[in-house]
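Residue strings, one per chain:
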Amino acid sequence: MQVTVTVNGKTESHDVEARMLLVYYLREVLGLTGTNVGCDTTSCGACTVLLNGESVKSCTMLAAQADGEEITTIEGMASSDGVLHPIQEAFREHHGLQCGFCTPGMVMAIASFLKEHPDPTEAEVREGLEGNLCRCTGYHNIVQAALAAARPGALAP
Amino acid sequence: MSTTLTDGPAAGVVGTRMLRREDPALLSGEARFVHDLVVPGALHLVLVRSPYAHARVISVDLSAALASPGVVAAFSGAELAGEWGSPMPCAWPVTADMQSPSHLPVAVDEVCYVGDAVAAVVAASQAEAQDAAAAVAVAYEELPAAVDLEDAASDRVLAHSALTSNRAYTWELVPDAAAVERAFADAAVTVRERYVQQRLIPAAMEPRGVCVVPQPFGGEYVVYSATQIPHILRTMLGITAGVPEERIRVVAPSVGGGFGSKLDVYAEELLCLALARRLRKPVRWSEERSEAAQATIHGRGQVQEIELAADTEGRVAAVRVRLLADMGAYLQLVTPGVPLLGAFLYHGVYDVPAYAFTCTGVFTNKTPTDAYRGAGRPEATYAIERAIDALARKVGVDPQEVRRRNFIQADKFPYSSPAGLVFDSGNYEAALDAALELIGYEELREAQARRRGEGATRQLGVGISSYVEMCGLAPSRVLASLNYVAGGWEAATVRMLPTGKAQVVTGASPHGQGHVTSWSMIVADKLGVSPEDVEVLHSDTAVSPLGLDTYGSRSLSVGGTAIALAADRLIDKARLLAAHRLEVAPEDLSLSAGQFSVRGSPSSAIGLGTLAFEAFTAHDLPEGMEPNLEASATYDPTNFTFPFGTHVAVVEVDTETGKVDLVRYAAVDDCGNQINPLIVDGQVHGGIVQGVAQALFEEAVYDGEGNLLTTTFTDYLVPAASELPSFSLGRTVTPSPSNPMGVKGIGEAGTIAATPAVVNAVVDALSHLGVEEMAMPVTPERVWRSIGASASGTGGGR
Ligand code: FES
Ligand code: FES
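The listed protein sequences derive, respectively, from chains A and B. The numbering of the first sequence is the working numbering, which starts it at 15 and goes up by one. The numbering of the second sequence is the working numbering, which starts it at 26 and goes up by one.
None of these hints come from the bench; they were simulated from the model. Quick caveat: nothing in here was measured; it's all calculated off a predicted structure. Virtual Cβ for every residue (Gly too), placed ideally from N, Cα, C. Don't take each hint at face value.
[Claimed, not checked] What follows is a set of in silico ranges between Cβ atoms, one per label pair, in the way DEER data are often shown:
1) B:I83 x A:E42: 37 to 43 Å
2) B:E245 x A:M15: 38 to 44 Å
3) A:S93 x B:K684: 41 to 47 Å
4) B:H644 x A:D95: 52 to 58 Å
5) A:D133 x B:H793: 37 to 43 Å
6) A:Q79 x B:A481: 48 to 54 Å
7) B:A481 x A:E42: 52 to 58 Å
8) B:V688 x A:Q16: 52 to 58 Å
[As the list claims (entries may be wrong)] Where chain A lies over chain B, by a calculated footprint (3+ residues, C-beta under 8 Å):
9) 227-234
10) 391-400
11) 527-539
Turn these sequences into a full structure, and let the hints steer you where they fit.
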């Protein structure tokens, strides 16, 4: 079936199998391999992307369900001239990543979370990241990165 | 060695919190993991796995699978048996009489755990391979399974029909049996504890993956694998698949965490290689998460008995330990050796004169175990640190005071341990003091007393864990004495390019540790260049042919040392060239910030960048000097390194529901000199959470038939951010005298320290209710039951 989506600001249109999950559409059809797959039970959050600005686990929906919608992946976060998004920058500054496998999903989850909670407490950040697992960092520095990105001005365009 | 309470000196970039050079590629999605590689024409491998823990394979019918759309080939174990030059490798035959059942990538007539492969299917796409694998019809005759470790040790049921006993080996470390006997006979107080180290699933966030690309006309193979050990893997693949080693190039691209689970030679790596050879096509395999739970090694899996002989003041005179260690169904790369990595450390940080350790490795019909973060040392630390708390309760002394009374004193280093090691340096009391201060120990004890007095529902517990570990695996001679079949050195090359940039080649193979950053910092300071101007090449046997890879907190103390030594050798050569150019004796030159200048006449100077270009053009070199500035070093450590520290956990335990909340956590670690404290922090944070996870959340649960019940993240509870607090970190710095940079290693410390700290805290919260025993993971149900058992006078478990 034909699917038309806007991915990172670019309109894409492809004929895909009805059973194709969004994450495989992004990875295999569009070659956007920054979005990772860490589980098969929608538990890990490594595949998190933004659907119309809100975080969604891209292994939980079909590519077909994204028809007509807007998707942002980790590849769409930095500006085209290579300047990292403030959340990405905060991750770097606070050593919020080690192996980096969970990181794209974490960054996308935080982007969505901070839109809803522009001035979160640490506890709110921790609750907000409940659906994203990281095995390397112990979360401490991810939480620090999220709080830093939420500081006034950090996310201003 | 003196101990300081700071991050250490920072003359150049070494010692600073430099941001990681790895991050932009990982943060932007540019980094490539194995699963991200696009390989045109690659076939997809899917394995058919045994649903039985133990069964005879009667027949494997591949006809339906072969007729399935997209299928290229399908094989039973018997059809592949001719592919193997030898069985799957175990590199650590710990005793001469160790038993090791033959282990092939695909079983031929007997399967020995749920997940053991029985057939391999190759198709044009992953989905087609999966569909075809489901169509393979295997007839099994189910056999009784040895599931429980202690039951397996009794040989009631045999895990392999070819073996006459489930015992793999018994390994002893008893330097003076009579001294131990005497100490126990004379002891005023003894403590005898039994602990179960539950099986853990390493659960690196990136599942494993392999892709083998053959070059049929050259006979070569490029093996891309999510591995910690490209070098060891290359050698082992060559031997096991019967491919000459030099024809194999192993590349570990970005690797999404390992924690020991990617420190192995796996069936799927061998199969992709053998099938690429047979089919003359690229073959790839991608692990699914629920498959990973069975097909990737597990960690821990021990039953421990520890006894302390002490006096009434709580001074320990002897430690005696007996272990049963669950090997699982087969011996993987270092399975039998994992308990040995802890065997020397069951007396912990304490000056104990008499020591005895015995371990029996036992086969069960479960996923093989192998090294998981800390490998043997978390188990040892857990046993001694819980037993020390039990002793403290018995003699009625505060747990921090009992530790203090037994610590190996700072003036005793280098310390000859009762187990036969020489601990390089340490100051255990300084780390304990710093940790107690950081957490506010006295105030916590007061708060605890208040809550006890009030009979509060939520009780407060404080748990201490003081640890020492042996890192920097390993002096090759020591490995020889332990029957390990390889050495423990690491190799490095440092070179300067014509434009004055530097290049480092290392045999260490990172998967999240930030090696590129740390290695470039070391070399930047040596050569007086900016870290950005140091390129670090790693994890590809074509660019780094020699190496022993990354595990056991060895990369910095062994691999980093090799890099520093290679840089020094490069400088030695550059000095000769500089002397030639400046027409002075080499001894008259001093090097600072990359400039050689003549002592006493500093205006006469030449930079390393200029020398690199001159060495490259080779127009005017001293007689006999070879072109280029390049040097290699292979460093074989003279001793292990012994990082140490104290962690303190604070928990609140709800006495009505049994719920445990980890509310605060302080860690003071001493890893000697630090290259990058930012990275050290990260290692400690992540390590703590893996240790907390064992204490409170994780367990690989099997049913009585040997079925793994925890195959997904909904059953196997890897903790999320919401279940954890932030951590307070501190550090003392006691350099190691064993290597030139004075470094020790920090990759496993957090995991080693955290588990006993947390469980000690839970017991501490409830000790006034009579609770002494607490099994892991400490679930609300377990807490609730042990409170009930203590209240009804049946004693919490035993
Ligand atoms: S891949 Fe794990 S939640 Fe989507
Ligand atoms: S950084 Fe490795 S899983 Fe999060």
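Pairwise beta carbon distance, B:H644 to A:D95, judged against the given window 52 to 58 Å: 42 Å Cβ-Cβ, so the 52 to 58 Å window is violated.
Distance restraint hint 37 to 43 Å, applied to the beta-carbon atoms of B:I83 and A:E42: holds, 39 Å
Range hint compliance [Cβ, A:S93 to B:K684, 41 to 47 Å]: holds, 46 Å
Pairwise beta carbon distance, B:E245 to A:M15, judged against the given window 38 to 44 Å: holds, 42 Å
A:E42 and B:A481 - C-beta distance against the hinted 52 to 58 Å: holds, 56 Å
Cβ contact check, 8 Å cutoff: the stretch 227-234 of chain B against chain A, three residues minimum: holds (count 5)
Assertion that chain A covers the stretch 391-400 of chain B - criterion: three or more residues, beta-carbon distance below 8 Å: violated (count 0)
Range hint 37 to 43 Å (beta carbons of A:D133 and B:H793) holds or violated: holds, 42 Å
Satisfaction of the hinted span 48 to 54 Å by the C-beta atoms belonging to A:Q79 and B:A481: Given a distance of about 50 Å, which is inside 48 to 54 Å, the answer is holds.
Annotated coverage of the stretch 527-539 of chain B by chain A, confirmed only when three residues or more have a Cβ within 8 Å: With 4 residues closer than 8 Å to chain A, the stretch 527-539 of chain B meets the three-residue bar; holds.
Outcome of range test on Cβ distance (B:V688, A:Q16; 52 to 58 Å): About 54 Å separates the Cβ atoms of B:V688 and A:Q16, which means 52 to 58 Å holds.
Figure legend: structure checked against the earlier numbered hints; hints not met, in rising order: 4, 10.
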